[in-house]
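Trainee: Just so we're aligned, residue 1 is where the sequence shown starts under our numbering, counting upward by one.
Hint data in this document are derived by calculation from the structure and do not stem from the laboratory.
There could be a bad hint or two in this list.
To be verified - Straight-line Cα separation of at most 20 Å, SDA-like style, residue types lysine to any residue; simulated pairs:
no., residue 1, residue 2
1, K38, E17
2, K32, E112
3, K130, L18
Stated by the list, open to error - Here are the computed distance ranges between Cβ atoms for each label pair:
no., residue 1, residue 2, range
4, P87, S167, 41 to 47 Å
5, E176, A36, 24 to 30 Å
6, T8, N62, 39 to 45 Å
7, S12, E171, 20 to 26 Å
8, G113, N62, 39 to 45 Å
9, E65, F42, 28 to 34 Å
10, E103, S167, 37 to 43 Å
The C-beta atom is built at its ideal place from N, Cα and C for all residues, glycine as well.
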Amino acid sequence: MNVSPFFTELMSVYDAELEDLMSDSEGRPALKKRLAEKRQQFSHLLPMIEFSPEMVAVVFYNAFEFNSPAMMKAIVASEPDEDDFIPWDQLQENLSIADWAQELVETATDAEGGDVFLVLSAALEYLRLKGAHHSAAAPVTEENDDRDMYDSDDDGGDMNDLDSAGSSWLEEQGFETRDSDN
1 MNVSPFFTEL MSVYDAELED LMSDSEGRPA LKKRLAEKRQ QFSHLLPMIE FSPEMVAVVF
61 YNAFEFNSPA MMKAIVASEP DEDDFIPWDQ LQENLSIADW AQELVETATD AEGGDVFLVL
121 SAALEYLRLK GAHHSAAAPV TEENDDRDMY DSDDDGGDMN DLDSAGSSWL EEQGFETRDS
181 DN
């Protein structure tokens, strides 16, 4: 998937924002609680959409179902200031929005810049769910198109690297891994 430099950068800070919300200072899972708090404070956070949309966009975590992958791919390949950037009213017709998020969407559309913010939020969620933003950092060329995108040590794409990285991440999140009982 082709992801514009704008969305590549925005997605990295969105991921960081979600990571910050994942656990409390003692390492306990806190995402659900923190998202609920942000959703309650949404109208107070709206002024931030102009300079830090990723910090507010997290309120739409799991809020959208995407009925037009082609439209979403077009959005993430574009930039908000370009003529081909799809407007919210057109995108909204191609989304299913969770019931709990309807009021948040209405509040956002009433805010200045809210329509663009909603498109950004949907695009960030699409990228998060598809995991496609990881491939944007290393565009595929004819020379490396058959390489594993998770290969970080040039050993030909060993799946053990991916397994090890996944185990390490789970352990950091407080889960026991298969090999932790050794």
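Trainee: Look at each hint and say if it fits the structure.
Mentor: Hint-by-hint comparison with the structure:
no.	hint	in the structure
1	K38 / E17	12 Å, holds
2	K32 / E112	28 Å, violated
3	K130 / L18	16 Å, holds
4	P87 / S167: 41 to 47 Å	43 Å, holds
5	E176 / A36: 24 to 30 Å	27 Å, holds
6	T8 / N62: 39 to 45 Å	22 Å, violated
7	S12 / E171: 20 to 26 Å	23 Å, holds
8	G113 / N62: 39 to 45 Å	23 Å, violated
9	E65 / F42: 28 to 34 Å	20 Å, violated
10	E103 / S167: 37 to 43 Å	40 Å, holds
Violated hints for the displayed structure, listed by number in ascending order: 2, 6, 8, 9.
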